[in-house]
Structures are given as structure tokens and as C-alpha cells.
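> In the order they appear, the protein sequences are chains A and B.
Numbered according to full-length UniProt numbering, the first sequence spans residues 1 to 409.
Numbered according to full-length UniProt numbering, the second sequence spans residues 1 to 409.
Because the hints were derived from the structure by calculation, they are not lab data.
Heads up, a few of these hints could be off.
[What the hints assert, rightly or not] Here are the in silico distance ranges between beta carbons for each label pair:
id, chain 1, residue 1, chain 2, residue 2, range
1, A, K396, B, L97, 21 to 29 Å
2, B, G94, A, K396, 25 to 33 Å
3, A, P338, B, Q50, 44 to 52 Å
4, A, N106, B, K74, 22 to 30 Å
5, A, F51, B, G94, 43 to 51 Å
6, B, E385, A, E300, 32 to 40 Å
[To be verified] Pairs of lysine-lysine residues, derived as DSS-like cross-links and limited to a Cα-Cα distance of at most 27 Å, are as follows:
id, chain 1, residue 1, chain 2, residue 2
7, A, K166, A, K344
8, A, K74, B, K166
9, B, K154, B, K113
10, B, K74, A, K396
11, A, K156, A, K113
12, B, K74, A, K344
13, B, K113, B, K303
14, A, K396, B, K166
15, B, K74, A, K74
We put the beta carbon where it would ideally sit given N, CA and C, even for glycine.
Number of protein chains: 2
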Amino acid sequence: MQEIIGASLVFLCNEKCEVLEDYGVVFDEKIVEVGDYKSLTLKYPHLKAQFFENSVLLPAFINAHTHFEFSNNKASFDYGSFSGWLGSVLNNGGAILENCQGAIQNAISAQLKSGVGSVGAISNHLIEVNLLKESPLSAVVFLEFLGSSYSLEKLKAFEAKFKELKDLEDKKLKAALAVHAPYSVQKDMALSVIQLAKDSQSLLSTHFLESFEELEWVENSKGWFENFYQHFLKESNFKSLYKGANDYIDMFEDTHTLFVHNQFASLEALKRIKSQVKNAFLITCPFSNRLLSGQALDLERTKEAGLSVSVATDGLSSNISLSLLDELRAFLLTHNMPLLELAKIALLGATRHGAKALALNNGEIEANKRADLSVFGFGEKFIKEQAILQFLLHAKEVERLFLGGKRVI
Amino acid sequence: MQEIIGASLVFLCNEKCEVLEDYGVVFDEKIVEVGDYKSLTLKYPHLKAQFFENSVLLPAFINAHTHFEFSNNKASFDYGSFSGWLGSVLNNGGAILENCQGAIQNAISAQLKSGVGSVGAISNHLIEVNLLKESPLSAVVFLEFLGSSYSLEKLKAFEAKFKELKDLEDKKLKAALAVHAPYSVQKDMALSVIQLAKDSQSLLSTHFLESFEELEWVENSKGWFENFYQHFLKESNFKSLYKGANDYIDMFEDTHTLFVHNQFASLEALKRIKSQVKNAFLITCPFSNRLLSGQALDLERTKEAGLSVSVATDGLSSNISLSLLDELRAFLLTHNMPLLELAKIALLGATRHGAKALALNNGEIEANKRADLSVFGFGEKFIKEQAILQFLLHAKEVERLFLGGKRVI
Chain A
1 MQEIIGASLV
11 FLCNEKCEVL
21 EDYGVVFDEK
31 IVEVGDYKSL
41 TLKYPHLKAQ
51 FFENSVLLPA
61 FINAHTHFEF
71 SNNKASFDYG
81 SFSGWLGSVL
91 NNGGAILENC
101 QGAIQNAISA
111 QLKSGVGSVG
121 AISNHLIEVN
131 LLKESPLSAV
141 VFLEFLGSSY
151 SLEKLKAFEA
161 KFKELKDLED
171 KKLKAALAVH
181 APYSVQKDMA
191 LSVIQLAKDS
201 QSLLSTHFLE
211 SFEELEWVEN
221 SKGWFENFYQ
231 HFLKESNFKS
241 LYKGANDYID
251 MFEDTHTLFV
261 HNQFASLEAL
271 KRIKSQVKNA
281 FLITCPFSNR
291 LLSGQALDLE
301 RTKEAGLSVS
311 VATDGLSSNI
321 SLSLLDELRA
331 FLLTHNMPLL
341 ELAKIALLGA
351 TRHGAKALAL
361 NNGEIEANKR
371 ADLSVFGFGE
381 KFIKEQAILQ
391 FLLHAKEVER
401 LFLGGKRVI
Chain B
1 MQEIIGASLV
11 FLCNEKCEVL
21 EDYGVVFDEK
31 IVEVGDYKSL
41 TLKYPHLKAQ
51 FFENSVLLPA
61 FINAHTHFEF
71 SNNKASFDYG
81 SFSGWLGSVL
91 NNGGAILENC
101 QGAIQNAISA
111 QLKSGVGSVG
121 AISNHLIEVN
131 LLKESPLSAV
141 VFLEFLGSSY
151 SLEKLKAFEA
161 KFKELKDLED
171 KKLKAALAVH
181 APYSVQKDMA
191 LSVIQLAKDS
201 QSLLSTHFLE
211 SFEELEWVEN
221 SKGWFENFYQ
231 HFLKESNFKS
241 LYKGANDYID
251 MFEDTHTLFV
261 HNQFASLEAL
271 KRIKSQVKNA
281 FLITCPFSNR
291 LLSGQALDLE
301 RTKEAGLSVS
311 VATDGLSSNI
321 SLSLLDELRA
331 FLLTHNMPLL
341 ELAKIALLGA
351 TRHGAKALAL
361 NNGEIEANKR
371 ADLSVFGFGE
381 KFIKEQAILQ
391 FLLHAKEVER
401 LFLGGKRVI
């Protein structure tokens, strides 16, 4: 059944990142019409209509990269360097995965409370899938492949696991694939996973150049990773699995791929992603980046390469909060751009660009988009010029959340 | 009456920033002895003793720079540039001051909840003084002078106001003075306020070079401030009130002064502060700095100048939270140093260095220091090497707070 909601401020999250005053939306499962709230109520006098004063109405957020399976973590992993962190994950990660259902439930609840309606979930064990299906969230679940040596057996098991995930697909849940990272996936294995994605028309995701250690290794087979394989994986591969970053990028040529992190990608590497990969999207996780490598994504560089950026929380394996609002504030603090401009990048990175990265028909207030809408109330009205920034600074918990037109909060 | 508390981790916050395991403190109003918890309980078997598992015991924090009077503000001021912000404060500041008692009460409560035991409060109207006196907080109240032209009448009124504050002094509340900033205080007026501080043996505080606009103006009488005096203050002074930053610094020669912000101070200016000012302390307010100028304090530069740095919240006039813990996390996000090193600077900046800046006998766990102690509980024990960082990441609300040995929370 159609209804109307309106608010003193509406963020369309379209390309121009328009902010409108006293605007509203007519919607059922999809958005039917967008316009001046009063005019809409006059045009559709029979519809239930509600206006939110001192509030912001905007698309529900998209959190395009998170690891629900690590939701149990608080302080089991070491922060301050990527290598220290990776070592601690290999040593302590197993324990974190145990009995994590309750923690995942909390993580899902944190998504909804922060106004998130869709997630990109990296999964190794599919522990979160049923919880996601039971929740109101839309999810793209990226089954992740890890393996630094060739193993047909491992590949077969992975394909079987992917079939298991595929069988769980429905309107709200899409199966997708992830190639963990250049330092952790052997090339033939990666190519097989990418082929599987092509065959099944699935999205792909990969962690990419999130540390100096990784860059040094991938480009020159040097540095901390020289001892990694023997020490942690008891494998005797002492050379990079790829002939440089380009060798890795080029595998993704005919795909739709989310490249996650990228702080150590040169302008040339980013341009190569843009030119070689059919549908390429960058994801940044500022809090995680601060904790591990200490380096933020270079937004000037991504702009020059013509790539859009989504902001995502990563998992509690490298964060203290799964609220996307907390993450957007971390984004504002860790990037040095003029603040009002940065606020727009943050907002679009959590809406429009996240939707495009996950190939979802939401993230924008426009007719025919899925009616994934959120309302945040404040005690006062923000002035239009400052509205996006003040919203990002002060928004804590969603007041009203509609997903597919259905009220969820 | 003496008692003992101990915790699985104790942060002494001494010069070496020592972290000790299973340590404890014997205290009454002051700290009597510090040592291994078990040994203390054996040495003082008659004392009440309590040990906190999975917890951190540390000195109560010192928030050395805040403006309680602006606690009503949420979104009335413009962020994204210093000049925009200053204009909005001049236009809308008056309304924010109205009926702010309740908001100040909340602000005081936020201090205590985040483990703060002492504050440096900049005050223009002394609205907060009685509320501070009624609270368990120790406070240094800096009565602030503002005035860009000479006025003997204004000076007399200010001196009378300072006497009023002086009369309210007690063990918990100290009167001090603030010279607002180089762009807002005429030199003879500043010199008079500084003389008043010397005569009354009071601490001083001043905002200093927190924006490029201020630097440009103070050094070259150029830029945005050229029109400031006429536009906002209806005054016809179109030249800087000082012959450069050094001219301003030198006025503070024989004083104990807190220089607040300093992001646009050159290494030379910082060295001059160090060499010319008898007791000089730097205060940084990272969230405020991000919102206004977008520039963080250069910690390498402050180190080279030999100046210690305290981290403080500033007021809600340029922040979204008065929790010092939120501020310390903002500090970690806005500075680019190796994270474990930065965490130590943050911790000492909220304890030891804050105490020295406010000339208080606390901020450190050591015999004879005031027993201002806090305990934060966590569900797990942090490993020693990561303890300070993990504490700063995860601490939200104090579990136990003793001020002058008296349990407050």
C-alpha cells in the first residue's frame, strides 16, 4: 500500500548530492514519486502521510564491506601495523569464530540502528547467512577464497560451498565471490574463482594493497612477507604469487569487482583498475586502515582515476564499532579534504556509490528505486549548506527505517 | 580512611608511561603507596581492598581546555572553515548562552562519566562556576578577556569580575585568566590581563594560531581578518594588533601559560614559546581543529620544540562530544604517527601533561599525588604491549572514580 513521508530536509543522494527542504516521497515497495511534501499530499489526498520536523529523510545506507564472522572480537588482534595484525589474526582468529552467533546478531542490529539497509558481507564459513536471511537486511554475501598454493581439492570444496550459498539466494540475499588478497591467493586458484564468478554472473570482491608490506611483496617479492609463508602457513613459496599489481588487476578484466582498501595503490594502479576492469568500485574502511597500516585512501588519486569510493565498516576484526555512522565520522577525521566537500563524498559513499558497488537498486531517492528509506530526528533544523555535515556529525540512531517499503524500525 | 584498589592493568602515567600488571594503590586523600597488589594486601592486611579483574586502573583524566558556556550548541555554528565558524559564533553565540545551566550540568556529568576529574574551563560569564563548585570536579576557571580596542572601563569591569571569581576559590576551584587570541585582544589590554595574572599568581591560557586566517593576519595584517573588525565588530582597526606571532608570545615571558591549538605555529614560534615563556604548555583539541581549520597539530614539531601536549575537548561550540575518551580517539584518527606511540602521547596528554598544564598535583599514580583514580572494566584482559591502545579504543564509561580519595562513581 502506498504512503507518503516527508521531512524538513531530504537528501536525494543523487549524482549532484541534492539537499531539498520540506520534501517528500510517495512509495510502496518502490519509490513512486518524489516532490514537495505539501504538493504530494494534495496530489494523493487519500494516502497516509507523515511529515518529520527537524529531521532528515535519506536513502537507507549500504555497508558494502564487512566481516560478520569476526563480530566476537574486541582486543584479540594487534593494532598498529598490518603485519602485526595479520600475525595475530592467524594466531587468534580461530577462537574468535567460536560461538559468534550472538555477536553476529548484535552486529546485524547495529547495522539497522545506524540506518543500514544493505550489506556486503565477506564470509568464510557462511555462519552469518541464515541470520542475515532472518533479518530485514538485504545482503550480498561474498564467499571468500583463501589459499596460497594450488589445490584442486580445495577448489572443489569451495565450489560446493558456493553452491550451498547459491541455493540460499532469494530476493534479499545474493551470492557472490571474494578473492581474499594478492598475498593469499595463488593465481590459478584466483583465476578459477573469477571464472566461477563469470559463469554464475556473480559480483567479486578483493582486498587490495591495504599495506606497505603487501605492496612491497606484490611488486618486488620483498619485505615482511618473505617469511610469512613459511612462518605462518608452513609453505615454501618465497616469491610473490603475482608479477606485480597489474598482473593481479588484469585477472578481473571482465568482471564486476569491489576493490577494498587500496591505500597503497599508485595512481597508475588505480587507472589500470578503471581501464581494465569492466565494473570496478573502490571501498574504503577508514577506521580499519587507521588501526592497521595507518594510511588513509588518497581521495585526490581516486578522483583522478575516475573511480567512485564507498565507505564501509570492515569487521570488528579491525574496528570498534559497526555503526556506519561512526565509520563516516572516522572518514571525516582521517581525510584531509575541505570538510563540506568530504561530507558529500562520505554521504554518497554510504548510499549511491555503495548501491552501485553492490549492484542494488537503492541508495538514492528517485522514482523506481527500492523504497529503502531512513529518517533521523534532531532537536533542531540544520541550515541547508551545513546539513550533510551536521547530519554526519550528529546522527546516532535511525528513528524510522523502511526497507522495500516495509517499516522495520 | 585508607584503602587499597588494584587492577589487572595499571597505567602509572609517569614519564616512562609504565604499564604494570596486577598492581595496586594504597590511598586516602593522597596516594600512599603503589606496588604489586598482593604484596600491598599482605603489607596492609587491615585495609579494605578491592581488585578489578579485566580492568585498567589509571589516574583520573584532566581535560585542560573546554568552554562549558557553549554546552547548549548542537548545530548553530558553521563548520568547515575557521572564518565561517567565527562569523557564525558572532552571529549566533548569544542565543546559545541562554538557559545553558542544564546543558552545563550534562557537560559536567559527561566529564565524570568519561573519567575526567579535573577541568580547565574557559569562562566569559562565570555561568558554570557554581555548577562546578557543586560538582566533584576540580576546576581551574580561566576568566577570558576579549576586546580588540583599548578601554579602561572594560578592563576595570574585567578586574571586578576576576575578583568575583577569586572570591569563589577553594580547594577544588582555582581562578585563572585567559587572553582570548591575538586577533581579538588589543596589546595594552592583553598586557594588563597578563600583569593581573602575575600579581595574583594565576595561570594563563590563550588560543593561539588555530587557523591560517589568524596566521596570515598576525604575521602580515592580510587576509580574511582585514574585513573582520569592521564587519563584525564595527571597529576601524585594519591592522593586526601585534607585530607578528613573536610579539604576542613575548608578552607571556614570566608566566605559566597554556597555548591552545597552535596548528599554524611554525617550529620557530614553538621554540620561541619554549624559550621565552617561563612555564609553557600546549593544548590540542583535535575534533575542534578538524571542524574549523581542518589542520591537526604537528606532533613532530612540538617534540622538536621540547613542548608537552595535552589533549582536550574544547567546548560543544566546536565538538559533538565532551567525553575526553571520544576526544582521545579523535586524536588517534587525526594524527599520522605510528599508532602505539601515538596512544602513549594521547594517554599522557590526558593525564600527566594535563596536570602539569593546570599545575595540579594529580594525573599520575605516584605516592603523594592526589588520589584521583579511575577504573575501567572490560570483558577481557588486554595484552601489555597493546594495553594503552586497546584501552583508548574501547573505554566508554568509567566504572569507578575516586577524586581526592573519595568515591564519586
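> With reference to the structure, classify each hint as holding or not holding.
Outcome of the hint check:
1. A:K396 to B:L97: 21 to 29 Å: Taking Cβ atoms as reference, K396 (chain A) and L97 (chain B) lie about 25 Å apart, which means the hint holds.
2. B:G94 to A:K396: 25 to 33 Å: Hint holds: Cβ distance 28 Å, inside 25 to 33 Å.
3. A:P338 to B:Q50: 44 to 52 Å: holds, 51 Å
4. A:N106 to B:K74: 22 to 30 Å: Given range 22 to 30 Å: holds, Cβ gap about 29 Å.
5. A:F51 to B:G94: 43 to 51 Å: With Cβ atoms ~31 Å apart, the hint is violated.
6. B:E385 to A:E300: 32 to 40 Å: With a Cβ separation near 35 Å, E385 (chain B) and E300 (chain A) satisfy 32 to 40 Å, so the hint holds.
7. A:K166 to A:K344: The hint is violated at about 36 Å.
8. A:K74 to B:K166: This hinted pair is violated, its Cα atoms lying about 47 Å apart.
9. B:K154 to B:K113: Distance of about 38 Å is beyond 27 Å: violated.
10. B:K74 to A:K396: holds, 13 Å
11. A:K156 to A:K113: Outside the cut-off at roughly 39 Å; violated.
12. B:K74 to A:K344: holds, 20 Å
13. B:K113 to B:K303: violated, 31 Å
14. A:K396 to B:K166: Not satisfied, since the Cα-Cα distance of roughly 41 Å exceeds 27 Å.
15. B:K74 to A:K74: With Cα atoms ~31 Å apart, K74 (chain B) and K74 (chain A) exceed 27 Å; violated.
In the structure shown, a violation is registered for the earlier hints numbered 5, 7, 8, 9, 11, 13, 14, 15, in ascending order.
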